[in-house]
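Using the sequences and the hints given, assemble the complete structure.
Listed in order, the protein sequences are those of chains A and B. Those letters in the first sequence? Residues 2 to 290, per our numbering, in order. Those letters in the second sequence? Residues 2 to 479, per our numbering, in order.
Rather than coming from a laboratory, the hints here were simulated on the basis of the structure. Some hints could be false.
Simulated coverage check for chain B against chain A, where a stretch passes if three residues somewhere in it have a Cβ under 8 Å from a Cβ of chain A [stated by the list, open to error]:
#, region
1, 131-145
2, 216-222
3, 286-299
4, 426-438
5, 441-454
Under the rule of at most 27 Å between Cα atoms (straight-line distance), these lysine-lysine pairs were calculated in the DSSO-like manner [what the hints assert, rightly or not]:
#, chain 1, residue 1, chain 2, residue 2
6, B, LYS259, A, LYS66
7, B, LYS266, A, LYS152
8, B, LYS264, A, LYS152
9, A, LYS152, A, LYS66
10, B, LYS266, A, LYS66
11, B, LYS271, A, LYS152
Ideal placement from N, C-alpha and C gives every residue a C-beta, glycine not left out.
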Amino acid sequence: MKKRKINWNYFLIAPSLLISVSIILIPGIMTFAYSFTDWNGLSPNIHFVGFQNFIELFHDKIFYKAIQNNIIWTVLFLTIPVCIGMLAAMLLLTRKKTRSIYQVGFLIPYVLAPSVNAMLWLNVVFSPVSGVLSVFRNMGFDVSSPLADMKTAIYGCAAVDIWHYWSYLTVIYLAALRQVPTDQVEAARLDGCNGWQLFRYIYLPNIMSTVSLMFVMITIGSFLAFDYIKLMTGGGPAHATEVLGTYAYSFAFDSMKIGKAAAVGLFISFFGLIASFAYTKISSKEEME
Amino acid sequence: MKKKMLSILLSVAMFASILSGCAISTSKEPDDSSTESTEGEDGAGDDVVVMKDEDMEGREEITLWFWGAEPYAQEAFKRILVDKYNASQDEYQLVVEFRPSVDDDIKTALAASQGPDIIYGSGPSFVMPLVEAEKLENMDAYSEEYGWKDKILTPYYESGTVHGSLYSLVNGVSTMGVFYNKKVLADNNWEVPTTIEEMEAIMDEAMEKGLYASVTGNKGWQPVNENYGSLFLTHVATPQTMYKVLTGEESWVNDDVKAAITKSKEWWDKGYLAGEDYVNLNFSESLQLLSDEKAPFFVGPSIAFQWAASFFTGDKEENIAFIPFPATEQVPDTTYTLGGACTLSINANAEDSHKDEAAKIIDMMMNAEFMQEMTAAWPGYWGTPLKDLSSVDSSSMNYLSAEFVKVVSDISAAVNEGNFGYYDNTFFPSATQTRIVNIDEVWYETSTVDEYVQSIEDEFRTEFDNGMVPPTPKPKMD
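In structure tokens, the structure reads:
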């Protein structure tokens, strides 16, 4: 009789599977279920309201404003920190002895808590009492905070988040750039490539998988944007900086409409899902090649 | 095929991860407090200060979560309440956690049938959904035992009742009014305004002289907007109209409410609310500017006395004074927008013995002696809403504390005469309150006054029909 072989793989993945099911899958399913209810987060009485939460959202101009701001946030993050991070990584690539020091310096805003960074900017830069703004005013310049204007407030918040985030991309890109085969780089140099050509034809193709991954992660992260906006403007003035995350929070904790907050949350997931599929598609295409 | 399966699995995993990120979680608000007490203990967040006496390790703990007050205020709380309670018996100790995000923490904990024994609330409207969810203890028996109904001002006592039963008590009165800098007014030959027209004239002149018209702002706390919504609803829409609106007798869509919202926009447009710096100032900075003689006025809640103590010091101490909002054409008598600093309730899930101790601790806060001691150390927050304040002696208090006692006495007198309006976080249900917070939609012209008022009516009607409106005390109706 043949002895049945125990597959230890199942035992090994069991703990992580249990954690994933408990703290990811079940809350995910609950969020989905709550989006069809009028639950206030406390009451034992939960009523099924069908698609009412979604219908109300589709008639809510602030909801569209939040989506628009998330898209602006995504575009800003896919361009500005990516360019700065790539440029800094390319510059650090040639600074073999000092790049560790630079990296530590650059990473300081990234390792600080968002509340610290936000308070720093609010009190040291934008404050009309003690900030840079007050210094300029005392010098006679008529300047005001970008957070006070509906047209610029979202950019003011994004600027602070980008200031905190770009160094993270620098570190990631630098790690990828260091893996580029040196023989390709040296051959290109011998062929007379200048800096731009070296980047365009040698470095960039070699780190494309990292760049693609970060594009997807930035997109997902942009639709989850919350902390800096909540800390700096709370979604104001007049919803000018409202994003889906702050809008969901406002429904959940201010208006006590958990059902509607869950419905907003599903849209955040939807946009994240699109980015996830894009990443899967890119990954399988690369594997095919 | 395997690759395809892997791709699908990967996508599902990522989707589920994002979905779970949308579930409720608490958030930490920024806070710059520090204290000699332990921080982040017992699984609490890093910005939570836990006030616990390690020498009383064997005692059972009665727990209270409070907002992240300034260190001097935490010290006063410890000395005047915690130490006194702990010394009064040898079985329990009061453990206080100062949490910057206390409102959200309490809601989340209570949703899971957890939380502290004594429940801090930001107002009766915060309490209503908790009562409906059976998270709070009925305090009628304790009220009878300690005589709360007889000694607390009726509108405040009633604001803590739901269907006639007591579930919360307001710890201290708060009202909207005008802080002014005496020196700025004297230097510019301005009289203390008694009418809104006089006040507007002073603000116009102040701006011409390069000063702020008044200082205030919502930096770090967007709900500051509701102060001005409530203020103009009281002084322009009138308490009588608001009583009818809150009791369902009249719609929000009426000319009085529209006039109030329009007046708030007029103030915004003219720059009377700190001009373009409104979103870049908080109350501390506003009071600093008032102290630095950069503005004649700070229009804000009376609880701001507690922050004034940091800036009006030394020879500036007596430069600040507080007046009720000046008379308007619609409301000529001295009238106060009634609000509360916070509410105190008892957790329905607490052990019975803990509930009794919690009631005892709440009662310690509901007497004139406590108000006197706390106000002397922490002016602005502990104006206990008592009918009889005659035993509060302010003669030995510093200037700010004595001024605050006078404000509380004036409010008590006005309340007894029925001259009061309604602060939204005390008397409006939560979704309606959120609409008042969003009054800046009108200021920034993303909504017209008509659209905005209609949106309040829509939210209020739903909450009114669901019985979520706190009890509305009746003002003088003639």
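Against the structure, the hints:
no. : hint                : result
1   : 131-145             : holds (count 5)
2   : 216-222             : holds (count 4)
3   : 286-299             : holds (count 3)
4   : 426-438             : holds (count 5)
5   : 441-454             : holds (count 5)
6   : B:LYS259 - A:LYS66  : 26 Å, holds
7   : B:LYS266 - A:LYS152 : 19 Å, holds
8   : B:LYS264 - A:LYS152 : 25 Å, holds
9   : A:LYS152 - A:LYS66  : 12 Å, holds
10  : B:LYS266 - A:LYS66  : 22 Å, holds
11  : B:LYS271 - A:LYS152 : 20 Å, holds
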